[in-house]
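*Asks:* Chains as they are written, first to last, in our numbering: chain A, 12 to 441; chain B, 12 to 441; chain C, 12 to 441.
Hints were generated in silico from the structure; no laboratory data involved. All values derive from a computational prediction rather than experimental measurement. One or more hints might be untrue.
[To be verified] Among the chain B residues that face chain C by a calculated CB cut under 8 Å, a handful are:
1) 112
2) 192
3) 290
4) 337
5) 341
6) 346
Cβ coordinates follow ideal geometry from the N, Cα and C atoms, glycine included.
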Amino acid sequence: MHASATPDIARELFQAMRQWPIYDPHSHIDPHRPAARHFDEILGYHYFTELAHSAGMPAGLVDTELHPDTRCKNLARWLPAIDNTVQYSWLVEIVREFHGFQGDAVDSSTIDQLIKSADKESAGTAWDEQVRKLSNIEAVFLTNDFDDPLTGWDTSVYIPCLRTDDLVLKLHEPRVRQRLAAFTGQEVGDLESLRTAIGKLFDHFMAHGVRACAISLPPDFVPEPPPMISAATPIRRVLNGMDVRPDEVALIRRTVFWIIAEFCNEHRLPFDLMIGPIRNIYPNGVAGGRDLFDRRVSLADYAPVFNAFPKVKFPVSTLSPDAGAELVAYSWIFPNVYPNGHWWYSNVPTFIAADLKARVEAVPKTKIIGYYSDAYKLEFVLPKFDTFRRTLAGVLAQSCMAERGWSIERCLGLAKDILVNNPKTIFARD
Amino acid sequence: MHASATPDIARELFQAMRQWPIYDPHSHIDPHRPAARHFDEILGYHYFTELAHSAGMPAGLVDTELHPDTRCKNLARWLPAIDNTVQYSWLVEIVREFHGFQGDAVDSSTIDQLIKSADKESAGTAWDEQVRKLSNIEAVFLTNDFDDPLTGWDTSVYIPCLRTDDLVLKLHEPRVRQRLAAFTGQEVGDLESLRTAIGKLFDHFMAHGVRACAISLPPDFVPEPPPMISAATPIRRVLNGMDVRPDEVALIRRTVFWIIAEFCNEHRLPFDLMIGPIRNIYPNGVAGGRDLFDRRVSLADYAPVFNAFPKVKFPVSTLSPDAGAELVAYSWIFPNVYPNGHWWYSNVPTFIAADLKARVEAVPKTKIIGYYSDAYKLEFVLPKFDTFRRTLAGVLAQSCMAERGWSIERCLGLAKDILVNNPKTIFARD
Amino acid sequence: MHASATPDIARELFQAMRQWPIYDPHSHIDPHRPAARHFDEILGYHYFTELAHSAGMPAGLVDTELHPDTRCKNLARWLPAIDNTVQYSWLVEIVREFHGFQGDAVDSSTIDQLIKSADKESAGTAWDEQVRKLSNIEAVFLTNDFDDPLTGWDTSVYIPCLRTDDLVLKLHEPRVRQRLAAFTGQEVGDLESLRTAIGKLFDHFMAHGVRACAISLPPDFVPEPPPMISAATPIRRVLNGMDVRPDEVALIRRTVFWIIAEFCNEHRLPFDLMIGPIRNIYPNGVAGGRDLFDRRVSLADYAPVFNAFPKVKFPVSTLSPDAGAELVAYSWIFPNVYPNGHWWYSNVPTFIAADLKARVEAVPKTKIIGYYSDAYKLEFVLPKFDTFRRTLAGVLAQSCMAERGWSIERCLGLAKDILVNNPKTIFARD
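With the rest of the complex left out, here is chain A (with noise of 0.2 Å):
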């Protein structure tokens, strides 16, 4: 009935969900140093850099050329205009769990005692694990390079994903197809060898525990199916060096884009699709704050490979907020497409609300992966998981509780389903 929820119950919940371990099914950590060892690995997260800049601050005073702790005191002195948003709530959340701040701000004022606190180069590997248990970190995916050794860390952790942007966006650059013959030990000059190619890099990642394949597409990539015999000719072009025209590189894109598809498909690998970034966009902005998105997409275009590709889980992501609500609805029809987490620019509690009503209301409850932290660096999961939990409590206190009459008990149940079981169940290998 639209009746209020209490803050009380609220908060019960979210304290419930807090004992339970996260699992992580994305992320950009590096598993060689999943934790930050200099303050700057925290400050330098983009969404301060770009939210500073945003709010004026010029770009040089994070350049790369210059020592971490004039960084972090350049971006300091920027942060009070952006105290506002939930971004900066996860860096008074980070300071104050892990290193035992106890003021209110970030500024100029508390930067100095921050780099010191935040030094962990001598504690090392023993800061990420701790790190990891304070977080109650039970798994993090990686999101990989095709090239990717995989090896030297503890793949039941830190679970290795193969990213495909890469071979899917960029085959027409030299650079990409050097990466691919080097690693894979094969001459790759057509079709049939460029196939062969990744399946021995779909082969490499399977001997090394991968648990999803994960592509990033520009709005107006359209995966149909290739015509394989005219994609031939501009794909033995392009692997040889030669020019091509733009429509035979959205056609290389499309073809390469089905054969990874095709090999998920022999894996049995989870997908992950994340539809809508257009890259560089802002070509002034700081690192990592130039994309954007054209909000005119629709899963409509993406029809045929769902279709295409029955028995292969498609988690999908969406850039754009108001995409949301077809998500839900494709979410509802297919059986292989997943709403997956609240990504990037949908990422704020409005957004991740709204979407998340929706899914509880529309969605199998099996099929929800409520969250993944995107982050670069462990200490991040924690306050974004965090976000997501206040959010997912208020969401079932209103809704299921308040609204439906549920129990704390069976909103509970849902929340461990969203959160735990469905990323477990839905990313585990056969």
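Chain A is already provided as a structure; the job is to place chains B and C on it using the hints.
*Replies:* Quick look at chains B and C alone, frame taken from chain A:
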């Protein structure tokens, strides 16, 4: 001030609305057999089969070849996977309201008992009346094929509505032309005779108490005034079974749509526009669960028809939830555009609440058509209307009372317009 | 935690905001006659006439040929049909605040009394000042034609803003060219002389305290850098009264828009972009009630102009409510994009609240331009700002206090930035 409404007030508003008769301006009820006589007619509703299928149930488990009991038992095994959805809540409300169920869950443990208690074969038409009385349904609109004889039931309770999808979208199919010729007793070989035949359909429906004409249109349909002279040849060709090009099919559709709008104008019949479905986008789905939409639709495409027929009332439903705000604006400016209920993928409390709040704030109160059930069986009318009434109660308690200081009486006055007075007035015969 | 704010806190926040002066960065106020001297100037606001017309009132009942009293009485009969709308609530607040009205409804029973009490013909300019003082309006921006002499009023209170729609969108109309030539004393026959003439307009406006340049652009406008050489010929043709093709009109528009952006850059003048209206889409509507929008717009189209003019501040308003989330993302990345108020069809509490919540969560607090009245008469500034302030109070109470644990002082600090400090700073002259 966005202060929060108390649960008690929302509940009080809901209870008051629940006393009112239901006037349901759109359904797919079969007037010869309005209520379900086997539980399979309840569980067979596409919402349940498609959501269960989405959760992993093979489509073959609800094949029409199977015995109804078997279909029920098969589906019941998958219902726990969708017990979070609002659609599942309708099911629980139905078995409690109509079948004396006292449990919490419809699943394998309760399905046998429910098949038994929902067996109304022997009760027959008495059951229809019982469901209608229990639900307090005053009248419900039907969806009639153009060649429905419209006899054998009380058309003041089960009100005829002329559905024109076949005529507009499928005139190139021989079966449709044959039905048209057979029913009107009119040779249909060219534009002129087509117009005459359609005129006879309108006369027939007018003679049997029709209150609306209706059509569902795909996202790429653009209702511009057709060049009748250019349309004559492809229409003659198609009516004589000859081939037409895709662009000619599009021209034929626009032309027949326009002719139907002209007859609505002549007969002062409201023309329900249901905008957005892409049919059969998921061909391997269960029956009734194969359609979705492309969110890139705009009512700007419909301005030509709103301008051309100022005397025709157009109750409009849009399918993509994110298109709801645009419908508010078009209803606010065009006197002949009426926001009509909350359709299909938009028929979820979170989307209903958002749309309803905006309609209550910005559309003349005399124009808001609250809700229609879209039901196939009479049992669904009550739980679906109750979902709407609960949501409306919440919106009124929050938006009108807490934020704008209205009295309960004023809220109920608006609710009665939205739920009862407006649909009666807007669909009244002159 | 989505716990619910108490009504008391929202009310306290609202009351505090109400003490602050209003700084209104966009209106259509006539500085020579800012307040209404006849009630018809209040009731004639397009919101009332268009909503009443939408509810069934024939447009002729508010024809400009009629006596103002008659128009008022005619319209009053239709007001009960729109008394649910937020726009109607502004009307009630106006008559209570400024005309001593103690009733609840503006309708046929009260209209005679209101015409009398709102007659300020004899009070004249004293009434203007009285309304401004009662409303606590510190300054309000105007919308000035390019050939406005800008004299005869205090430009520190009624601040000039150069509106450029005519120059950009209507240069092919002889009347516009004649006005431009007459006002600048400059023969305007080619691209070079056009640029000179526009430069003179900017000099004139700069000399009279202009604080912004503004334009409203249709959904299909794409501001790409124009090929100046190719544009020269069609511009010469159009300036000499010769015919141009539609694609040439588009090129001329892009070119003039670009020249204006260059002058904004030269003079460091903010350039308000108001994106989305389709003009005259409903030609039979009442005056001011004929425009709507196509929701398929994206700020991605505007990236070229944001990139080309990094020193120009672009306060951006989008018309389609569902485009609001995209504006949040573009304001978060581009330093020169500022989310500007809540415009026209988006100016409804439910849309304001959704946009505002996201802006508060994800846009630097120094960049959020809270609200502008868009008013034609001074009396509307207060109730429209109050609708915004109430909504802001609700968002702060819920989002910042209940969910994020902020203090009242911190909430009010943010509110003051949004309402007062930011518009003053962003539109300040260097």
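*Asks:* Confirm or reject each hint.
*Replies:* Quick rundown of the hints versus the structure:
no., hint, verdict
1, 112, "violated, 33 Å"
2, 192, "violated, 39 Å"
3, 290, "violated, 22 Å"
4, 337, "holds, 5 Å"
5, 341, "holds, 6 Å"
6, 346, "holds, 5 Å"
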